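Colleague: For chain Y, the structure is supplied; the task is to place chains C, V, G, H and X on it using the hints.
6 protein chains.
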Amino acid sequence: MTQYQAFRVELKDRVAHVAIHRPEKINAMNAAFWDEIVDIFRWVDETDEARVVVLSGDGQHFSAGIDLQLLAQAATQLGDDVGRNADRLRRQILKLQASFNAVDECCKPVIAAIQGYCLGGAIDLIAACDMRYCTLDAQFSIKEIDMGMAADVGTLQRLPRIIGDGMMRELAYTGRMVDGREAQAIGLVNRTYADRGELTDAVQALASEIAAKSPIAIRGTKQMIRYMRDHRVDDGLEYIATWNAAMLQSADLKVAMAAHMSKQKPDFAD
Amino acid sequence: MTQYQAFRVELKDRVAHVAIHRPEKINAMNAAFWDEIVDIFRWVDETDEARVVVLSGDGQHFSAGIDLQLLAQAATQLGDDVGRNADRLRRQILKLQASFNAVDECCKPVIAAIQGYCLGGAIDLIAACDMRYCTLDAQFSIKEIDMGMAADVGTLQRLPRIIGDGMMRELAYTGRMVDGREAQAIGLVNRTYADRGELTDAVQALASEIAAKSPIAIRGTKQMIRYMRDHRVDDGLEYIATWNAAMLQSADLKVAMAAHMSKQKPDFAD
Amino acid sequence: MTQYQAFRVELKDRVAHVAIHRPEKINAMNAAFWDEIVDIFRWVDETDEARVVVLSGDGQHFSAGIDLQLLAQAATQLGDDVGRNADRLRRQILKLQASFNAVDECCKPVIAAIQGYCLGGAIDLIAACDMRYCTLDAQFSIKEIDMGMAADVGTLQRLPRIIGDGMMRELAYTGRMVDGREAQAIGLVNRTYADRGELTDAVQALASEIAAKSPIAIRGTKQMIRYMRDHRVDDGLEYIATWNAAMLQSADLKVAMAAHMSKQKPDFAD
Amino acid sequence: MTQYQAFRVELKDRVAHVAIHRPEKINAMNAAFWDEIVDIFRWVDETDEARVVVLSGDGQHFSAGIDLQLLAQAATQLGDDVGRNADRLRRQILKLQASFNAVDECCKPVIAAIQGYCLGGAIDLIAACDMRYCTLDAQFSIKEIDMGMAADVGTLQRLPRIIGDGMMRELAYTGRMVDGREAQAIGLVNRTYADRGELTDAVQALASEIAAKSPIAIRGTKQMIRYMRDHRVDDGLEYIATWNAAMLQSADLKVAMAAHMSKQKPDFAD
Amino acid sequence: MTQYQAFRVELKDRVAHVAIHRPEKINAMNAAFWDEIVDIFRWVDETDEARVVVLSGDGQHFSAGIDLQLLAQAATQLGDDVGRNADRLRRQILKLQASFNAVDECCKPVIAAIQGYCLGGAIDLIAACDMRYCTLDAQFSIKEIDMGMAADVGTLQRLPRIIGDGMMRELAYTGRMVDGREAQAIGLVNRTYADRGELTDAVQALASEIAAKSPIAIRGTKQMIRYMRDHRVDDGLEYIATWNAAMLQSADLKVAMAAHMSKQKPDFAD
Amino acid sequence: MTQYQAFRVELKDRVAHVAIHRPEKINAMNAAFWDEIVDIFRWVDETDEARVVVLSGDGQHFSAGIDLQLLAQAATQLGDDVGRNADRLRRQILKLQASFNAVDECCKPVIAAIQGYCLGGAIDLIAACDMRYCTLDAQFSIKEIDMGMAADVGTLQRLPRIIGDGMMRELAYTGRMVDGREAQAIGLVNRTYADRGELTDAVQALASEIAAKSPIAIRGTKQMIRYMRDHRVDDGLEYIATWNAAMLQSADLKVAMAAHMSKQKPDFAD
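Protein chains in written order, with my numbering: chain Y, -12 to 257; chain C, -12 to 257; chain V, -12 to 257; chain G, -12 to 257; chain H, -12 to 257; chain X, -12 to 257.
Calculated directly from the structure, the hints in this document are not laboratory data.
Bear in mind the structure is a predicted one, so any value in this text is a computation, not a measurement.
Wrong hints could be hidden among the right ones.
Copies of the same chain look alike in the list, so a pair counts if it works inside one copy or between any two.
[To be verified] Pairs of lysine to aspartate or glutamate, EDC-like flavour, derived with a Cα cap of 16 Å:
1) K241 - D68
2) K82 - D221
3) K(-1) - D257
4) K82 - E92
5) K82 - D222
Looking at chain Y on its own, in the form it has when it is part of the complex (with noise of 0.2 Å):
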C-alpha cells in the first residue's frame, strides 16, 4: 500500500479505508492533500478488491478545512495584471475542484463518517460522498462566507441537492454551526450516533453489507444516481435500458437468482 503525507489508507476485507491523517492540524487540507486525494480514488477506481470506501478524519475532528497556509501562498502568486492573475486563480480554482471530484465521480460508493469540526472545505468534500453519518457532537460549517469569499470547491453545487433549498441558504450566508441532530433532521447525514465508538461500527457494518452486493449492480446503480442529479427523467430512463443491456448479461444476475432460491448468500466476483 502506498505511503501518503495528509493520509491513511487501508484495503481491508474489500473495504477501502481512507483516513485524513494531519490530527494536529485538525486535518487542514494542505497541498499534500489535495493531490494525494486523486491519486487514492484513482486507485480506488482501478482496485476490483476495493468495493466501498469509508472517508474519515483521524484524531478528535473531522477536518478544519482548507489550510489557511495553502491560501495565503496562492495570494503570493498574483502578479500586477488582473487578467493574468483571474487566469491562474480559474485554473487553481479547477485543480482544487478535480480533487473533490474525484471523490465524487468514484465508481464505488464513498462513506463519510464525521465526528467534531467539518468546516468550509470539509463540507465541500462531505457533499461529493455518497452518504454521511456522525456523531451527535458533529459541527458543520459553510466557513467559507467568513473568509469573505464564496465557497468554491463543491459546497455551493452539490449540497443545493442534499439538503433543503430555504435552509442551504441560510447555512451559506451565515456560516453558522449546525450540530449533529440539525444535520439529521435537515437531510445532510443520514443518522447520528452517540459517540465515535458506535458510529465506526454502524459504517463498517454498512461498509461490509455494500460490499457483499453484486459490484456489477452497485457500480450501475451509483451511475444512474449521479447521473440524475443532472440529467432529466427521460434521458436517465434511456441510459439505464442502454446501460442494462450490457450488464443484464452479466453473471451477477445468475449467481444473485441461484442465492435466492437456495436461500444462501450469494459469492459476487469482484
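Modeller: Chains C, V, G, H and X only, in chain Y's frame:
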C-alpha cells in the same frame, strides 16, 4: 368496463380505482400487468369523467414487484451474439419503462395507497405516481440490488426527486426495508395511517376533494409540476404563460368566481 | 426614500425593510403592487448600502394574494378573437411574473417574514425569496386551484425545489391550509416563532448577521445557489471558478483574514 | 405484407420501400396516412430484415402536405369552452406529431426521395428523415404560414438543425418556393438529380450500400447522431462509451475484420 | 413618432423602419444608441400595426460598432478593488447585452440591411436579427479581438448557430474582413445585392410580403424558431402543441382558408 | 523539448507545431499516440509562450486512424463475463476519448493541416480541433462503419456541429471518401490548397496572425465558442459577462487601444 387479468378497475364518482389484482401472487407484475397498465391509463386519459386515479394492491400487500418468471423467461430468449442480445434487452427494458411512463404522464393525478410489501418494481411504480400514502406496517425496499442488477424501470430516475439524495443512495445500495413511519420522515409518502381501513378512507376523501376541483386547473397544475422536474425555472414560467393564455379563457374561472361570490361549491364540467 | 402606494420601504443599518402595506385589504396585490415591487428591487440592487432585504406584510396577515379586482379587470379586456386574447393574456402573465423575478434575481438575500394568511400569489412571492420564517399561526395555501386555474406566477416553478415533490402535489391539487409547524416540517419555512414579536426580532437578527458579511462573498454565494437550481454540477463548478477568478482578487479576503488573525469583527466596504 | 390505404409498402433486398400512394390527391396526408405511417415504421423497427427505408411519393409529386379536409373536420369538432377546445387541440397536435416521431425515431436510416411538390406537412415529414435527395424540379415550401398558422408537426423543430438559421427564417416567414438546386445549396437535400429515373437509381444504390453494412454499427451510428441533435458533447461521449461497451462485443467486428483481411465483402447477420 | 438621437424611426405600411442615424460617426454605438434601441423595440412589440422591422444604417456604412469613447469612459469609472470593479463591469456588460436581447426577443421579424462597414458590435447586433441581406461591398469583421477582448454582447453566442463552426472560429480569432459574397457563402447573409438601391428594394419587398401574412402565424413561427436555438426537439414539439392549442382557435385560419378558396389575398387583422 | 515516439513537437515563434510522426505506418494511432497527445496538450496549456497549435501529419498522409493492432489487442483482453467486459471496454473508450478531449479543451486554438488520407480516428481528431485546412487531394472517410462499429471517440459527437446534419448522416452511414473540394463545400474544412507547400504556408501565416493577438482575448474567445456548442444563448451571455468582468481589467485592452491610436502593431505579453 373492460375486464383485466392483472387488475381490477372501477370508475365511481369521478374517481378511477385501479387495483393490482393478483393477491395470491403478492401482486407480482406478470406479462399481463405490464401490458394492461398501459391500456388502463390510456383509458383514464381519454375518459373525461375520470378525474383522479387511486392505485392500490388487492390483498395483504401492495406488490412484490416484477414476477421472477418474467425475468427468467427474458433470459432464455438471448442468443449467441452479445451485440444483438444487448439490442433486444434494451428494447425490452424500454418497453417495460413505457408501462410506468403511462402512469407518470397520465394527465389526471394518481394517488398510490400502499399496505404491506412494496418491493422492487413496486417502488418504480409508486415513484411514477403523484402522491403516496401508506399504512404504518408498509414495507418498502429497492429490492433490485439483491437481484444483482441496477433498478431500470424508474426508481433510480424518479425517486431522487422525491426523497433526499443521501438516503436515496443508502436505500438503493443496501435494499434495506423502510417502514411506514420512516417512509413519511424521508418524504417517500405524504402520510401514514394506522391500518388499511383508515388508509382507504383517507385516500378516498382526498381523491374526492381533488375530483371536485376544476379539471382544467388540475390538469395544468400537474403538467407544470411534472415539467419542473426536468426543466429550468425560466422555461417553466414561459410554459405556464403560454398554457394559461388559452386556459384562462375557460369557463372554469367564471364558475369558480361565481361560487366564491355565492359561497357555494362550484360544479365544474368534466 | 421614494413613497409607494402598496409598500412601506425603509433602509436602516444596511437592511432594507420592504413591507406590503395594504393591511385593510389583507395586503392583496393590486396594480400598484405589481409595478412598485419591480422598482423597489431595482433600487435594492443598485443601492450598495442595502445588503439584505426583509420582506413582510403590515397588519395581521402577510398577504391574501392577487387582488381579485385585478383579475376581474383583465377578464373584461378580452375581445372576440381567441388567438389575440391568448397573445394578450400571455403578455400579461409574463409581466406579472417579471415582478417576482425581480425578487428572485435580486443580488442581495431576501428574507420573508410571514404571519397570518399567506395565500395564492403570496406563495408565489415567498417562493421567490431566499428564505422564509413564520409565526406558528401562519396559514399557507396554494389558493389558485380554487379560482379554477393553475398558479402562474412562480409557485409551481419554484416551490418544488423547496419542499418535497409528493407534498408539493398534494398542496397544489387541494389548496389545503398548512400551518407554521407543518410548513417547517416540509421545509417551506426554515423556522417558526411563537408570535410576531419573536419573528420580527429573529429575522432582524438574521438580517444584521448577513449584512455584516462581505458583500462580495454574499453576492457570489447567492448567485451560485440560484444558478444551481437550474444547472448541472459541472457547469456550476466552472462558473464559480470563473466568478472567483475576479472576486478572489478583492480586498474582502484580506479584510476577513486580518479580522480572523486579530480575532476582531471584520468591517467590509459596501 | 399488410395492405395500406395511403401507402404502398414493399421489402426487397433488405430495403423497405415506403411510398405515399394517393397520387390523384397529390399524396395529401389524410386520416389513414397519419395512422398507417406509425404502423409501418413500427413494422420496420421490428423487422430485422429491413435495414434501410426509402420514403417516396407515387405520381408526379412527393406530397402536397396535410389534407385540408382533415383540418376542416378538426375545426368542426370544437365546442364552446376555449379551455376544453385547447385541451382537445393540443392532444390532436401531439398525436399528429407522434406520426412523424415514428419516422425520426425509427432505428433504421430513412432516405427521402423527392420530386415535384413537397409542401407544408411534407416538409415536416422529410425533416424527420435521415437524408433527403430530390430532382431538379422539386418544389419545397413551408406552406403553413399561408394557412394562417405556425407549422406544428416538426418543421420548425427539426429543420433549423438541417439548414442555416437565417434562411430557415426567410422560408418559414414567407413560405416561398425553393427548387432542387437551391435546396442543395442550403443543405435541405444532399444531392439533386436531373429526373426521377436518376433519382430513383441513385437512392436505390445508396440504400443498398447502407443495407450491406453491419446493422449493429448502423443502428448505433443513427442513435448517436440523433442523440447529438439535442445533447451536449460530453453527454454524447459518455453515451457512446456505454453503448459500445456492449456492441463492441458483437460478432460484427470480427466479421468486418476478417473481410478487411481477406479483402472480401463482409456479410453481416440481420 | 418619438424622436431619437441615434436612430431614425418610421412606421409605414405595417413595416417599422429603424435606421441607425449617426452617419458622420460611421453609426458608432454611443450611450444614446444603447438606451434608445430598447425603447424602440419595446414600442415595436407593443404596436400591433408594426408587423415587421427593417434595421439599417444611414450613410455609407451600416455601423462601425461600439463608440470607443463609451469604452474609454467605462474604464475611467473603475476603482481600486478588483472585486467591486468586476461587479460593476459585469452589470455594465449585462446592460449592454440587454439592448441586443431586445432585438432578439422582439416578437416581430427583424430584417437587417447592411452596406459598407459592419464591424465589432455591429456583428453582435445583426446576429440578433432574424435575417441579414447586404450589398456586395459590405465588409464584416469581428473586430473585438483587435481591441484585446472577447466579444461580449452576442456575437460569440449567436453567430455559431448562423454560420459554420469552423469558419466562426477563424473569423473570431483573426478579425479578418469578410465581403458580401463570402458572407453569403458561409450563411452570414441570405442574399447579396449589387448596390444599396437594389438592397433597399429587395428588403422592402420582403418586409411587405411578411407584413401581409397572419400576425398570429408569424409570431408563433418566430417564437418557435427562437425557442429551438436553445431547446430540444421534444421540448419544441410540446411547446408548439401548447401554443397552437390557443392559436388554432384564432380567426386567422378561417381568413386564410376563405382566401385560399376564393383565390384572393387574405386580409388579416393586426 | 521532450521527445515523443508518435509525435514530433516544436515551439517556434509562439506557435507549437505538433506533427504525428509515424509516416511509415500512415500515422496510425498506436498506444504511444494516445498517451502522448494528452501530455503534449497539457504542455501547450501550461506553456504561456505557446499561443497557437498547428496539428499535422508527417509524410504523405495525415493519418489512417487508430492502429488496428491496438483494437486487436483490446479484443484479446476480454474475459467470460459480458458485464465485466462491458465495464472494461467502457473505461477504455472513455480513456481514448480523453485523448481527444485534451485537444478540444486546450485553451489555445488548434489548427489542423491535412493532406492525403484522413480516415476513421483521424476524423475524430480533427473534429476536436478549432479549424481545419487541407490540400485538394485530401481524402476524408468516417471509416469506423466498415469496421462494424459506431465511431466512439468524437466524430459522431462533434462533427454534426461542423457540417450539415443531412450530409453528416450520409458520410457516417456509408463511410464514403470525401475529397478536399467537397470538404470545403460542406464546411468540414475552411479552405483548400493546391498542394502541401501552399497548405503549410497558409496555415503558418494564419497561426502567426493569431499568435500576435492578445492571449487573454483569444483564450476568452475560444472558451466562449466552445461553451456555446453545448449551452443556451442566455447562459452564454451571462458567462461572458462574468468572464469579462475580470478580463476587461487586463492590460491587454490598453495595449490594444494604444496600438490602435498610434497605428502600430500591439505587442501583448504572453
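Colleague: Evaluate each hint against the coordinates.
Modeller: Right, here's what the structure says about each hint:
1. Taking CA atoms no more than 16 Å apart as the test, K241 paired with D68 passes between copies only; the shortest distance there is 12 Å, against 63 Å inside one copy.
2. For the identical chains of this complex, K82 and D221 are inter-copy neighbours only, at 13 Å across copies versus 33 Å inside a copy, given an alpha-carbon limit of 16 Å.
3. Taking CA atoms no more than 16 Å apart as the test, K(-1) paired with D257 passes inside one copy only; the shortest distance there is 14 Å, against 49 Å between copies.
4. Taking the shortest alpha-carbon separations for K82 and E92, both the intra-copy value of 15 Å and the inter-copy value of 14 Å come in at or below 16 Å.
5. Only between protomers do K82 and D222 lie at most 16 Å apart by alpha-carbon distance; the minimum there is 15 Å, versus 29 Å within a single protomer.
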